[in-house]
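S.K.: Following the hints, put chain C in place on chain H, whose structure we already have.
Number of protein chains: 2
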Amino acid sequence: MKDFLQERKTIRKYKKEHISQETLDYILKAGIRASNCGNMQLYSFIITKDEDKKKAYAPLHFNQPMVTQADVVVTVCADVNRFNHWCEINGADKSLNNFLFLNIATIDATIAAQAITTAAESKGLGVCWLGTVNYMADEISKFLNLPNGVVPVACLTIGVPDENPELTERLPLSAIVHNEEYKDYDDKAIKEMYKQIEENPTNIQYVKENNKENLAQVFSEIRYGRKGNEEFSKNYKEFINQNFLDKNCQL
Amino acid sequence: MKDFLQERKTIRKYKKEHISQETLDYILKAGIRASNCGNMQLYSFIITKDEDKKKAYAPLHFNQPMVTQADVVVTVCADVNRFNHWCEINGADKSLNNFLFLNIATIDATIAAQAITTAAESKGLGVCWLGTVNYMADEISKFLNLPNGVVPVACLTIGVPDENPELTERLPLSAIVHNEEYKDYDDKAIKEMYKQIEENPTNIQYVKENNKENLAQVFSEIRYGRKGNEEFSKNYKEFINQNFLDKNCQL
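The listed protein sequences derive, respectively, from chains H and C.
Sequence positions in the first sequence follow the numbering used here and run 3 to 253.
Sequence positions in the second sequence follow the numbering used here and run 3 to 253.
Just so you know, these hints were derived from the structure itself, not from any lab.
Among the hints, a few may not be true.
Just so you know, same-sequence chains aren't split out, so a pair can sit in one copy or run between any two.
Said to hold, decoys possible - The list that follows gives simulated cross-link-like pairs (lysine-lysine, DSS-like), each with its CA atoms no further than 30 Å apart:
{"#": "1", "residue 1": "Lys31", "residue 2": "Lys125"}
{"#": "2", "residue 1": "Lys249", "residue 2": "Lys229"}
{"#": "3", "residue 1": "Lys190", "residue 2": "Lys125"}
{"#": "4", "residue 1": "Lys239", "residue 2": "Lys56"}
{"#": "5", "residue 1": "Lys56", "residue 2": "Lys125"}
{"#": "6", "residue 1": "Lys239", "residue 2": "Lys193"}
{"#": "7", "residue 1": "Lys249", "residue 2": "Lys239"}
{"#": "8", "residue 1": "Lys144", "residue 2": "Lys236"}
{"#": "9", "residue 1": "Lys55", "residue 2": "Lys15"}
{"#": "10", "residue 1": "Lys18", "residue 2": "Lys197"}
{"#": "11", "residue 1": "Lys193", "residue 2": "Lys51"}
{"#": "12", "residue 1": "Lys185", "residue 2": "Lys96"}
{"#": "13", "residue 1": "Lys239", "residue 2": "Lys96"}
{"#": "14", "residue 1": "Lys15", "residue 2": "Lys31"}
{"#": "15", "residue 1": "Lys229", "residue 2": "Lys239"}
{"#": "16", "residue 1": "Lys11", "residue 2": "Lys125"}
{"#": "17", "residue 1": "Lys144", "residue 2": "Lys185"}
{"#": "18", "residue 1": "Lys11", "residue 2": "Lys31"}
{"#": "19", "residue 1": "Lys214", "residue 2": "Lys249"}
{"#": "20", "residue 1": "Lys51", "residue 2": "Lys249"}
{"#": "21", "residue 1": "Lys190", "residue 2": "Lys31"}
{"#": "22", "residue 1": "Lys236", "residue 2": "Lys249"}
Remember, it's a predicted structure, so these values are computed and weren't measured experimentally.
The following block holds chain H by itself, in its conformation from the complex:
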């Protein structure tokens, strides 16, 4: 049997098969069993299953086809709204609308999303994370009717796999792990650790198509270029200021 923890792959193509409610509940329950700060469960899961809803949702994810093709789309949100409401009816202060708890709730929502991913994969389902959720937080918030205190953090498309791609390469473990303290890299170490990725024929082709000298330039100047990143950063900051942070805690 394949080890689904060591050999997982992102799945972007799905069969037109439905996931049973029982399986979906199993997957989502794994999400709420994962660790979270003080057991406050500062997250919500928004399930998109309706075909028309998925069609309307797709443009907010740059029309990536996974949104309409997957049986289920799960948007995992950082959520202090529920907790705040509980405080309100108990005459308690609402103390979480600040940068610390934006970070903590983002982390807790991500933990839950990854637990959902693993549970889905353990059932033979395929999952794709859509990073677009971070770029389009404001628009997605409106689309999903998120109240103040709720921020979309992760978006997962889940379905029965209709592809079996090769395992994507990763940097060697030695490039990621530091013993006892961070040992910064010298040029030689960096060159060696990226060698395999740079020499991958798909990446060589990718550099050519983009008229760049090397893969690093394609990543940092085209795919994740400064101008776009700074614009999305500004949008995200504005969204957080308006929809999560107290007046005296603005970024």
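M.R.: The following block gives chain C in isolation, referenced to the frame of chain H:
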């Protein structure tokens, strides 16, 4: 066999047994197999195993005993330093030191940390997440010798379990899940979903000990009170400004 995805528990007490290097590598490899943005792998894992190092690290985690008792402590960091270095030697722009990529790298580091957690638990090991890493980012950064562009996001203590606690209660799945769009809660729904947690004898005792009227007040006014949260928010913001964000991208 127990389903480790549905019945996982945080383990805070560990036997004095070592985790083999083979097992540790297995666990960490699961971390780097998980999804990440553009396969840029914007994370690093710092391993603390040395007894003296753990003793020195413990105060930065408010002296929680797990730090010294666990065989291994893994601090998972958001890391654009490695990627920036790769860009530098390739004459490429460094485009990730902004709020968008702080968020994305935080999420990717958390995904890896949760994948590490699940892999450890699949091997019968016990894990505890230390939220303190978010409160003490600056001090932890100095202790672990983190360069600019590296932010501690998650800290995991991992060891052979020496306890078997009860499954912690969670809000019912229906409280967390929203179908198609976010349905905000009315007072009655909030009261019902928190009922079981409020009636837990440990929590009733907890309210008494803290001289508060109810559990919500203990959480939002004592355990996670506004003053502390806002102070830690300010510290975290300063840390991020100095150690991650470009001059023109300051928060």
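S.K.: Under a CA distance limit of 30 Å, which applies to Lys229 and Lys239: within one copy, between copies, both, or neither?
M.R.: both (15 Å within a copy, 23 Å between copies)
S.K.: Give the relationship of Lys239 and Lys96 under a CA distance limit of 30 Å: within one copy only, between copies only, both, or neither.
M.R.: Cα proximity of Lys239 and Lys96: in one copy and across copies (21 Å, 20 Å).
S.K.: Give the relationship of Lys11 and Lys125 under a CA distance limit of 30 Å: within one copy only, between copies only, both, or neither.
M.R.: both (14 Å within a copy, 21 Å between copies)
S.K.: For the identical chains here, do Lys214 and Lys249 meet the 30 Å Cα criterion within one copy, between copies, both, or neither?
M.R.: Classified as between: cross-chain Cα gap 27 Å, same-chain 45 Å, threshold 30 Å.
S.K.: What label fits Lys249 with Lys239 when the C-alpha limit is 30 Å: within, between, both, or neither?
M.R.: The answer is both: 14 Å in one copy and 16 Å across copies each meet 30 Å.
S.K.: Cα distance capped at 30 Å. Does Lys11 pair with Lys31 within a copy, between copies, both, or neither?
M.R.: both (22 Å within a copy, 13 Å between copies)
S.K.: With identical chains, the pair Lys239 and Lys193 could be close in the same copy or across copies; at 30 Å between alpha carbons, which is it: within, between, both, or neither?
M.R.: Neither, since 35 Å and 33 Å both go past 30 Å.
S.K.: How would you label the pair Lys31, Lys125 (within, between, both, or neither) given a Cα cut-off of 30 Å?
M.R.: both (13 Å within a copy, 21 Å between copies)
S.K.: At 30 Å max between alpha carbons, let me know whether Lys236 reaches Lys249 within a copy, between copies, both or neither.
M.R.: This pair counts as both: shortest intra-copy Cα distance 18 Å, inter-copy 14 Å.
S.K.: Regarding Lys55 and Lys15, is the shortest C-alpha distance of 30 Å or less found within a copy, between copies, in both, or in neither?
M.R.: within (19 Å within a copy, 47 Å between copies)
S.K.: First find the shortest C-alpha distance between Lys239 and Lys56 inside one copy, then the shortest across copies, and answer within, between, both or neither for a cut-off of 30 Å.
M.R.: The answer is within: 27 Å in one copy meets 30 Å, while 36 Å across copies does not.
S.K.: When no copy is specified for Lys144 and Lys236, does a C-alpha distance of 30 Å or less occur within a copy, between copies, both, or neither?
M.R.: Classified as both; 18 Å inside a copy, 29 Å across copies.
Violation of the numbered hints given earlier is confined to hints 3, 6, 10 and 20; the remaining hints are satisfied by the structure.
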